[in-house]
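K.L.:
Single-letter residue listing:
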Amino acid sequence: DAGITQSPRHKVTETGTPVTLRCHQTENHRYMYWYRQDPGHGLRLIHYSYGVKDTDKGEVSDGYSVSRSKTEDFLLTLESATSSQTSVYFCAISESRMRGGQRNSPLHFGNGTRLTVT
Amino acid sequence: DQQVKQNSPSLSVQEGRISILNCDYTNSMFDYFLWYKKYPAEGPTFLISISSIKDKNEDGRFTVFLNKSAKHLSLHIVPSQPGDSAVYFCAARRLIQGAQKLVFGQGTRLTINP
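Quick mapping for you: the protein sequence lines, in order, are chains A and V. Quick note: the first sequence uses our numbering, first residue 15, plus one each step. Quick note: the second sequence uses our numbering, first residue 266, plus one each step.
What the hints contain is simulated information worked out from the structure, not anything from laboratory work. No residue lacks a Cβ here, since even glycine has one placed at the ideal position from N, Cα and C. Heads up, none of these hints are tricks.
Mimicking DSS-like on lysine-lysine, the simulated pairs with C-alpha atoms at most 27 Å apart in a straight line are:
#, chain 1, residue 1, chain 2, residue 2
1, V, K270, A, K71
2, V, K366, A, K67
3, V, K319, V, K336
Have a look at the derived ranges for each label pair, beta carbon to beta carbon:
#, chain 1, residue 1, chain 2, residue 2, range
4, V, F311, A, T19, 14 to 24 Å
5, A, D87, V, F311, 19 to 29 Å
6, A, S81, V, Q279, 45 to 55 Å
7, V, P305, A, K25, 12 to 22 Å
8, A, K67, V, R359, 15 to 25 Å
So here's chain A without its partners, still in its complex pose (with noise of 0.2 Å):
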């Protein structure tokens, strides 16, 4: 989607090994999110940013960091995959103060990363 750049589109990985998945934004929107989803879930918070090095963990966190060294780059690590992680990510932005006196946008999503853990 225009704006947000999800990499790998696909991953399939072994039980116990690190993955890395990438997000990348054209926005300079302030804040970035991981999500999840599952059958039966719905979309589920992992981890958001608010700002460079700014981030906090969201519903679903275990097992999950994040680090953003740049307003464009939200990067989301398995440090050792799991099965339970096999899921659909999808990355989120958004932006505060918007001109026209709207406060908020809402959440804008990439087109996710289809993880597998054999």
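Using the hints, position chain V against chain A.
P.N.:
The following block gives chain V in isolation, referenced to the frame of chain A:
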């Protein structure tokens, strides 16, 4: 605990008729409610939202209703079109340090039949 629930996994509607998708929530701290639409192999796209202080918001064919006493919201699509076939997620929002923490329902797959 599921704070946002969509109890209908699927819904089938004839083209031209009204589609009604439902969502229930448990937490009164949410300040905004949103609907997202998702096609296969794509990310969710924002459709419409409503503030917790409103009871109705309309945008073209899409209307969202909020009943705070019942902690229930619904999305009405009229008339339904084949391109509306997708998975619809409702989401509830809390603002934390300016970040929008969304809690999603499980999704409802809408199929519009010609």
